[in-house]
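Keeping their order, the protein sequence lines are chains A and B.
Quick note: the first sequence, position 377, residue 377 per the working numbering, numbers continuous.
Quick note: the second sequence, position 55, residue 1055 per the working numbering, numbers continuous.
None of these hints come from the bench; they were simulated from the model.
Keep in mind that the hints are not guaranteed to be accurate.
Said to hold, decoys possible - Derived, one-sided and incomplete: chain A residues facing chain B with beta-carbon distance under 7 Å:
| id | residue |
| --- | --- |
| 1 | His115 |
| 2 | Ser116 |
| 3 | Cys172 |
| 4 | Pro327 |
| 5 | Met365 |
To be verified - Taking lysine-lysine and the DSSO-like style, the derived pairs with C-alpha atoms no more than 30 Å apart in a straight line are:
| id | chain 1 | residue 1 | chain 2 | residue 2 |
| --- | --- | --- | --- | --- |
| 6 | A | Lys586 | B | Lys1125 |
| 7 | B | Lys1106 | A | Lys340 |
| 8 | B | Lys1167 | A | Lys487 |
| 9 | A | Lys228 | B | Lys1027 |
| 10 | A | Lys584 | B | Lys1125 |
| 11 | A | Lys597 | B | Lys1126 |
| 12 | B | Lys1084 | A | Lys336 |
| 13 | B | Lys1167 | A | Lys551 |
| 14 | A | Lys563 | B | Lys1125 |
| 15 | B | Lys1184 | A | Lys352 |
| 16 | B | Lys1126 | A | Lys586 |
| 17 | A | Lys179 | B | Lys1027 |
| 18 | A | Lys42 | B | Lys1167 |
| 19 | A | Lys563 | A | Lys587 |
| 20 | B | Lys1106 | A | Lys352 |
| 21 | A | Lys551 | B | Lys1084 |
| 22 | A | Lys352 | B | Lys1084 |
| 23 | A | Lys225 | A | Lys99 |
| 24 | B | Lys1126 | A | Lys584 |
We treat Cβ as the ideally placed atom computed from N, Cα and C, and that holds for glycine.
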Amino acid sequence: MSNKQILLGNEAIARGVVEAGCEVAAAYPGTPSSEILPAIAKWADDLGTRTVVEWGANEKVAFEMAAAASFTGKRSCAVMKQVGLNVAADPFMSVAQFKLKGGFLLIAADDPGPHSSQTEQDSRFFAMFAKIPCFDPATAVEAKEMVFDAYDLSERHNVITMLRPGVRVDHCRQDIELKDVIDLSRPASFEKDPNRWVCLPARVKINHPQLNEKREAIRKEFETKFPKYNYEVPARKKARLGIIAAGVSFSIVTDILRAWGADDVSVLKIGTPHPLPIRMVEDFISRHDNVVILEETYPVIEMQIPDRTKVKGRWNGWVPSAGELLPEIIEEILCKVLGKAAPEGAPDDLRKAAEELNITPRRPMLCPGCPHRASFFSIRQTLPKAIYPSDIGCYTLGVNQGMVDAVLDMGASITQASGLYMAYKADGKEQPIVASIGDSTFFHMGLPGLASAVYNKHAFVLAILDNSLTAMTGGQSHPGIGDKLRKGETGRKVDLEGAVRGCGVNWVKTTAAYDISTSRSLVKEAWEYARTHEEPAVLIFRHPCMLLRQKQAVIPVTVDPEKCIGCKFCINFFNCPGLVFDEKTKKAYIDERFCVKCGVCINVCPHGAILATEGEEA
Amino acid sequence: MQYVIVGIGGQGILFSSRVLGHIALSKGERVIGSEVHGMAQRGGSVISHFKVGDYNSPLVKANEADVLLAFDQNEAVRNMHFLKPGGHAVVNTHAPAFAENPSLTKWMSEREARLHTVMGYDMLKKEMGGRFLFLNVLILGAMCGAGVGGVTIEEVLEAVRALAPAKFVEDNVKAVNLGYEGTK
Ligand SMILES: Cc1ncc(C[n+]2csc(CCOP(=O)(O)OP(=O)(O)O)c2C)c(N)n1
Ligand code: SF4
Ligand code: SF4
Ligand code: SF4
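Looking at chain A on its own, in the form it has when it is part of the complex (with noise of 0.2 Å):
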């Protein structure tokens, strides 16, 4: 038997990245691309490997460490997801200038749907704008492959290379060969010379045209040196249909025509969409009568064609501008374009069965037992007249509780309360405000917000919601845990309250997140020191995430039916997935199947309907 393991997309590319010799690794959590850097540290481990395998604080931190590691020739490489890049996006343009030494991969996962992003946007996109090459798998096995491809790339054209795996080739599962690490023994040699890594205007007057160059030799061999990317399916022949296609729309648009057992169509698979091989589609769309585009999710094959007469793409509507191209979609496409009847929709039936069972999809909740719930309950009901800034990470599901009222991207929580009181400032009246942010969104962006806010003195509450953990993405460490990837390796925990309090910030206290009253009166009091003094006061909430699965005192609960007035208070502020309402007899009632016997919701109900049953320690 081969040597072939199922895995996930993400440990493919992972699995890449280390055989082929990269030996500095960096990245921020994000989905879909967050399982990358831990399997970068887990086959570095099986395999012997030296590689350094780290978390930067924020995707701007981790590009720019791994991109000075390459400075010195190593293999290095930064992983994020499609807005990580926003965040990075200023290293990222500078560098992509830079004459680079070792290979530079930047691995960009985007998120069509979106599925779990503030946006919808195509990262091949920036590679375009900052005019660096670009490869678009369309399986796991493809992105495994064009990570080694990538690596030759940036060194033979000192060029910072982008992978764009989209969540469907980060997060599918496949059979994927292993091989061994190529040994490139190549020692740390940082060389000095400011023409090469000093980024002054002057340098840019020459590098920019430089890059140019660049991007038409790799252009160049785009067009005749990757048949395994680019290729047609079958060869060269004039079909009814052409089909242009990139990542896993090309793997599902073959499985359709397969099934169909269509044989008057021909593919033209891009694998590298920027620099786009240009001669190479002209070609095909000189042979087809009729084409259609299909990558996901921005035009940026489609806008790189110089002639789109014959193209139906986005330009002209034929491919719809926003989500997913989910194999429902491309079949009525091809539907639509062959003049062949359109499949059946959603089936009457099920959708009748549906309603008449009462059943919608299900919205994601914060997990039963969640501290964040907790807390949120202790500031709605100290300060019900607040406005409540938000951040990204589990807390924003916090909306199902009404206390969530603006999120922008990560970090913002705190700038939206500054510009907020800034905006009643004007009119010189007081608004309670109270920001929220975890703990590991504090530290990728919160900082700066934080000390501006000290600086200009601003009014408000920022309750930090300390779980330990980067919970929304699946669990990773921060700098405020202070755990490291690589087995046997510990960091320095960042002390969380000497950072709010380095960042100016007089009024700093902790409390326990489970303990509902203490919490309020805290509130209480932040919130009268913030606006008496006119500044931020910063309030810890702190509980370890239930995936940490820590010991805690389980607390059956029961709700009781002669004292529960079925006013529902519980379902609209505390939201707990373990306690529901029912309908019929009107009152609220634990849902075994869910509840984890945290007991706060005990102190919830204010008719004290609700119940311990029996205490015990686990």
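Add chain B with the ligands to chain A, keeping to what the hints say.
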């Protein structure tokens, strides 16, 4: 063979496709599938696709699944359109009356699709102290009990033994057998 596995975030549905993958690989077959990670894992509707054979795309298209494995009956109804004519749905059930819904039975019988139910919550409550996390293997047992899905109970047991953490192997085996015996 194309499977769609549905449930609610937190139910551990990913493990089921890992078991199916392990079996397929040991037979030398190609596999590809798609999982949900991220926001939806927090209690939202989740769906996993899994295909064994010569496929490029990780996604199962509507009307093409041989088997729908549902950890939750509501999610089963919402995702039934994935089933191909003649396909089989294996559904963990907490309120069996749903199976009598006339619109649902009409749709199923028109396309000769079959519904197999298993009262997983009840069984795990009675037999395994309410440790509902074992649903993910119980449902595989139920699939074998229904005689569908192209894998045998022996293969499932072997894969579960190989993949489950050592101290939970016996519990997993017990849950598989509960599902196997309990399918209707
Ligand atoms: C720029 C950017 N990077 C990464 C992400 C992915 N992401 C979503 S929430 C989150 C962090 C959550 O951690 P924390 O703030 O501690 O909150 P928790 O989920 O633990 O409650 C991350 C990294 C993102 N949305 N945007
Ligand atoms: S994963 Fe942790 S932080 Fe996120 S909802 Fe669950 S308990 Fe809360
Ligand atoms: S348990 Fe309490 S809060 Fe919930 S509905 Fe009953 S009386 Fe209202
Ligand atoms: S004890 Fe109450 S708050 Fe805790 S999980 Fe159970 S229902 Fe939810």
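These are the hints, each one checked on the structure:
1. His115: Holds. Min distance 6 Å.
2. Ser116: holds, 3 Å
3. Cys172: holds, 4 Å
4. Pro327: holds, 4 Å
5. Met365: holds, 4 Å
6. A:Lys586 x B:Lys1125: holds, 26 Å
7. B:Lys1106 x A:Lys340: holds, 28 Å
8. B:Lys1167 x A:Lys487: holds, 23 Å
9. A:Lys228 x B:Lys1027: Given pair Lys228 (chain A), Lys1027 (chain B) holds - Cα atoms ~28 Å apart, limit 30 Å.
10. A:Lys584 x B:Lys1125: With a Cα-Cα distance of about 25 Å, the restraint between Lys584 (chain A) and Lys1125 (chain B) holds, given a limit of 30 Å.
11. A:Lys597 x B:Lys1126: Holds, because 19 Å separates the two Cα atoms, which is no more than 30 Å.
12. B:Lys1084 x A:Lys336: With a Cα-Cα distance of about 23 Å, the restraint between Lys1084 (chain B) and Lys336 (chain A) holds, given a limit of 30 Å.
13. B:Lys1167 x A:Lys551: Status holds; Cα separation ~19 Å.
14. A:Lys563 x B:Lys1125: holds, 28 Å
15. B:Lys1184 x A:Lys352: Holds, at about 25 Å.
16. B:Lys1126 x A:Lys586: holds, 28 Å
17. A:Lys179 x B:Lys1027: holds, 21 Å
18. A:Lys42 x B:Lys1167: holds, 23 Å
19. A:Lys563 x A:Lys587: Since the Cα atoms of Lys563 (chain A) and Lys587 (chain A) sit roughly 9 Å apart, the hinted pair holds (cutoff 30 Å).
20. B:Lys1106 x A:Lys352: holds, 11 Å
21. A:Lys551 x B:Lys1084: Outside the cut-off at roughly 46 Å; violated.
22. A:Lys352 x B:Lys1084: The hint holds at about 19 Å.
23. A:Lys225 x A:Lys99: holds, 23 Å
24. B:Lys1126 x A:Lys584: holds, 27 Å
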